[in-house]
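A.B. asks: Given the sequences, and given the hints that come with them, work out the whole structure.
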Amino acid sequence: GQNIDQPTEMTATEGAIVQINCTYQTSGFNGLFWYQQHAGEAPTFLSYNVLDGLEEKGRFSSFLSRSKGYSYLLLKELQMKDSASYLCAVRDWRSGANNLFFGTGTRLTVIP
Amino acid sequence: GAVVSQHPSWVICKSGTSVKIECRSLDFQATTMFWYRQFPKQSLMLMATSNEGSKATYEQGVEKDKFLINHASLTLSTLTVTSAHPEDSSFYICSANRGRLAGGTYEQYFGPGTRLTVT
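In order, the protein sequence lines correspond to chains A and B.
Here the first sequence is numbered in this note's numbering, starting from 104 and rising by one per residue.
Here the second sequence is numbered in this note's numbering, starting from -1 and rising by one per residue.
Think of the hints as simulated: they come from the structure by calculation, not from any bench.
Bear in mind the structure is a predicted one, so any value in this text is a computation, not a measurement.
Hints are supplied without guarantee of correctness; some may be wrong.
Said to hold, decoys possible - Chain B is faced by these chain A residues, among others (derived, beta-carbon under 8 Å):
| no. | residue |
| --- | --- |
| 1 | 115 |
| 2 | 151 |
| 3 | 163 |
| 4 | 190 |
| 5 | 202 |
| 6 | 203 |
| 7 | 204 |
| 8 | 206 |
Where is the CB? At the ideal position from N, CA and C, for every residue including glycine.
C.D. replies: Structure (structure tokens):
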């Protein structure tokens, strides 16, 4: 099975930097995804890591260490609109069809 | 723009009735689609994998006779919640794989979701 763990809630200040951690255990790792989800809406893709290291995309960066089963999403220059849930998801090739398995999500609140 | 659509976006039905939710891939063919369910303040739970032209694969604990999935064409999958009960009230989201990423895996695009309320 897949064990994907991330903090339930975080609060950060507008303009600051926040790091959201995710740890996972899976038998057939085939990539880790980060999604953003605003309340009542579908998730939107933020980033993807399959190799170790840092992937940067504007204000968002994602890091992966496969040996440690660990990833983080880094959000810089926080804006109020970044208040959302951030979902860590792992793809497991052993489950077939490239299924995505999601963590519980981290609800981020950005305060002025 | 959106690459996966869902219809309806929200629906209210009475207990005991059935509800059909459509998921369409726009401008691309999806041999595989996924159905998720999300309860308030919880993450997405994979319900089933919908395969075009064959039976869906259900996750453990999901009743296949209650959640009927049909993937009759390369652009359409439907989820029918049969004999709905209030506990089936949830946010149902479909997704489809599109576009290869590094490592040979696919990016998964999500539909806008369907809010089902059973009274």
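A.B. asks: Does each hint hold? Answer for all of them.
C.D. replies: Hints versus structure:
1. 115: Not OK, violated: residue 115 of chain A not within 8 Å of chain B, min 19 Å.
2. 151: This interface hint holds because 5 Å falls under the 8 Å limit.
3. 163: At 16 Å from the nearest chain B Cβ, residue 163 of chain A fails the 8 Å test, so the hint is violated.
4. 190: 6 Å, holds
5. 202: OK, holds: residue 202 of chain A within 8 Å of chain B, min 6 Å.
6. 203: Since chain B brings a Cβ to about 6 Å from residue 203 of chain A, closer than 8 Å, the hint holds.
7. 204: Since the shortest Cβ distance to chain B is 7 Å, the answer is holds.
8. 206: 6 Å, holds
Consistency note: the structure conflicts with the earlier hints numbered 1 and 3.
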